[in-house]
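Line by line, the protein sequences are chains A and B.
The first sequence maps to residues 1 to 301 in this note's numbering.
The second sequence maps to residues 302 to 581 in this note's numbering.
Careful, some of the hints might be misleading.
[Unchecked claim] Computed list of lysine-lysine pairs in DSSO-like fashion (alpha-carbon distance at most 30 angstroms, straight line):
#1 307/B x 385/B
#2 209/A x 552/B
#3 209/A x 518/B
[As the list claims (entries may be wrong)] Which residues of chain B face chain A? A few of them, derived with a C-beta cut under 10 angstroms, are:
#4 304
#5 305
#6 344
#7 349
#8 378
#9 394
#10 541
#11 543
#12 551
#13 562
[What the hints assert, rightly or not] Covered stretches of chain A (chain B as the covering partner; in silico rule of three or more C-beta atoms under 8 angstroms from a C-beta of chain B):
#14 53–65
#15 265–272
Honestly, the hints are just simulated from the structure, not real lab data.
Note that the Cβ used here is the ideal one computed from N, Cα and C, for glycine as well.
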Amino acid sequence: MNTKVTIAGVELKNPVMTASGTFGSGMEYEEFVDINRLGAVVTKGVSAVPWPGNETPRVAETYGGMLNAIGLQNPGIDLFIERDIPFLREFDTKIIVNVAGHTIPEYVAVVEKLSDQPVDLLEINVSCPNVKEGGIAFGQDPRALDEITREIKRHAKQPVIMKLSPNVTSIALMARTAEMAGADAISLINTITGMQIDIRSRKFALANKTGGLSGPAIKPIAVRMVYQAAQAVSIPVIGMGGIANADDAIEFLLAGATGVAVGMMNFHNPYATTEVIEGLEEYMEQNGVEDVAELIGGVKE
Amino acid sequence: MVRRKKTIGRVVSQTMLAEDILDLRLETFLASDVMPGQFVGVYPAGADALLPRPISVCDADREAHVLRLVYRLTGRGTTEFALKQPGEVLEMIGPLGNGFPVEEAAGKRVLLIGGGIGIPPLYFTASLLSPEGTREYTGGRSGKASSITSVLGYKNIQTFMAPQFAEITDLYLATEDGSAGYGGTDLDALFEIGRRREGSETVADIIFACGPSPMLKAVKEYALIQGVPAYLSLEERMACGVGACLACVCKTRNVDAHSNVHNARVCTDGPVFPAREVVL
Ligand SMILES: Cc1cc2nc3c(=O)[nH]c(=O)nc-3n(C[C@H](O)[C@H](O)[C@H](O)COP(=O)(O)OP(=O)(O)OC[C@H]3O[C@@H](n4cnc5c(N)ncnc54)[C@H](O)[C@@H]3O)c2cc1C
Ligand SMILES: Cc1cc2nc3c(=O)[nH]c(=O)nc-3n(C[C@H](O)[C@H](O)[C@H](O)COP(=O)(O)O)c2cc1C
Ligand code: FES
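Input sequences plus hints: build the corresponding full structure.
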């Protein structure tokens with residue numbers, strides 16, 4: 001039975017990874033899961049300099065999910081290279097570094113600092129809805145997406161995954177734009193912009209007013225978008241959005257995802273990632289699936 | 302460090318201590334590992350409410366593996382917990398957070414300041430540090446306090462757990478409506494103690510506090526004036542509870558070693574912080 005998948009020339013032992021921002025750099029979940037089991041660890045977004053993030057409250061529970069407006073708090077690329085990458089190198093898994101910035105030069109600065117680092121793939125977050133100074137624009141405007149993808153590809157030494165925003169009219173257009181600009185893979189979906197108001201205090205639940213919705217509540221939207229994106233491009237697609245168990249992950253594979261990521265459900269079940277891997281293997285065994293490739297895009301018309 | 306895990310707790314008993322205040326005892330192996338000031342994340346059942354509810358450890362019987370949680374009925378999660386009958390189970394994650402630095406209190410005059418639902422978490426601390434307390438350290442550590450005073454502030458006459466604190470600490474009560482103890486806040490009560498004990502410069506060598514943020518602010522100021530080290534247990538909205546998501550930060554005076562900014566994670570770097578390290 002083969003669970004290996006290849007994304008932009010990088011072979012993962014299985015398609016299961018962590019979604020950026022929900023797993024730190026792995027340190028916090030090392031007590032719960034064997035990181036060696038994971039196809040890849042996708043780190044929290046990292047920027048050129050340390051970012052303090054938004055005011056609190058930064059999270060709010062919603063029906064079947066949560067809103068977050070962390071505001072991309074991160075320690076900056078220098079400390080990240082000094083501390084987080086060496087930590088992850090200790091494990092037999094692939095390292096995908098998620099990159100954040102306000103401007104193209106800021107993204108490029110991170111990408112260049114990572115150029116001689118032992119990381120396998122870069123994931124460029126052009127879709128975080130929580131950064132006011134333009135983070136959202138790249139992911140929502142095809143021309144901006146085209147420009148940033150080309151610039152990053154000019155500087156990146158590792159293959160580049162463009163992480164797309166679901167807050168767009170045509171995901172197929174955005175997917176194709178990224179592919180044509182040179183992206184080696186795409187990942188989706190990032191969170192969907194939402195809002196919650198506390199009727200007792202009559203205040204916004206989040207200090208930022210709006211936040212990104214994630215969790216099982218968004219899964220059908222994510223599956224639809226992954227399907228549409230996979231139909232539109234020939235580069236690999238990494239799917240995420242509400243994955244809680246192996247059944248959910250398989251649904252994304254069938255929709256056309258080559259890789260899948262577990263996000264907020266790590267908070268509900270810290271063992272979720274490894275349970276997805278075990279469940280996938282079980283499903284393959286029970287259904288006579290020899291190679292996980294048979295599942296990818298395997299939905300029947 | 303003790304390994305954190307997600308596990309279950311079986312309800313041993315549940316009683317109502319006051320209006321909307323419940324006293325839940327759970328049999329769980331987490332009880333053998335927790336320290337005062339730490340908390341657990343209790344999960345509601347059902348796919349609508351997915352995040353763990355942070356609840357502080359009120360007390361733990363390590364031998365019997367019984368964890369005691371005292372909580373206030375608030376919303377979706379706590380309403381569900383309140384309906385649990387003996388024998389039923391709850392999923393929970395823990396032990397979470399750092400806890401109070403109880404070792405630092407050995408041989409000292411300890412002052413506990415609690416407000417409202419911040420009172421129960423101080424009980425385990427009191428029980429461990431009080432010469433009359435029943436809880437002991439684990440792992441060869443030791444050290445009772447030389448004396449232990451508790452100043453507890455309530456809204457009204459519903460002074461839950463006060464009798465228990467009275468058994469093992471020198472208790473001063475305050476109620477906002479004046480229905481019991483000093484009329485006013487815990488800090489009003491504190492200044493009253495100061496006046497009464499005139500002659501001794503300070504009433505304590507170390508302060509542990511838990512309660513609403515206006516109270517913590519006042520404790521921080523009080524400690525500064527008195528020149529006494531104080532440790533405050535903070536509260537913030539959480540998601541993961543284990544330090545990964547960066548939801549639960551508080552502002553810090555210095556750049557935090559982990560975050561590299563003026564932010565620390567309440568769930569892992571806290572919930573207990575030295576008063577002088579945090580900006581309230
Ligand atoms: C470190 C820590 C220790 C705590 N210890 C205790 C305790 O010992 N006893 C006690 O009664 N309460 C304690 N709380 C507060 C307790 O976590 C909330 O009352 C509880 O989460 C409410 O859940 P709910 O589903 O009933 O309310 P809802 O309002 O339905 O909850 C909705 C969401 O908001 C979160 N939330 C609501 N109120 C708070 C709050 N005050 N703090 C953090 N998150 C909140 C919930 O966890 C949930 O994710 C503590 C909080 C923290 C951070
Ligand atoms: C608390 C939190 C923090 C996140 N931080 C990032 C981030 O730094 N960069 C990023 O590209 N996506 C971030 N995301 C988005 C997730 O990686 C993921 O795309 C999204 O949550 C959908 O998946 P899920 O429903 O499984 O969580 C974050 C999500 C959450 C819940
Ligand atoms: S709740 Fe996730 S870091 Fe504290």
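To see whether the hints hold, each was checked on the structure:
1. 307/B x 385/B: The given pair, whose Cα atoms are some 19 angstroms apart, holds under the 30 angstroms limit.
2. 209/A x 552/B: Judged against 30 angstroms, a Cα distance of about 20 angstroms means the pair holds.
3. 209/A x 518/B: With Cα atoms ~26 angstroms apart, residue 209/A and residue 518/B stay inside 30 angstroms; holds.
4. 304: 5 angstroms, holds
5. 305: 5 angstroms, holds
6. 344: 7 angstroms, holds
7. 349: 5 angstroms, holds
8. 378: 9 angstroms, holds
9. 394: Cβ of residue 394/B sits 7 angstroms from chain A, so the hint holds.
10. 541: 4 angstroms, holds
11. 543: 5 angstroms, holds
12. 551: 8 angstroms, holds
13. 562: Holds. Min distance 4 angstroms.
14. 53–65: holds (count 10)
15. 265–272: holds (count 7)
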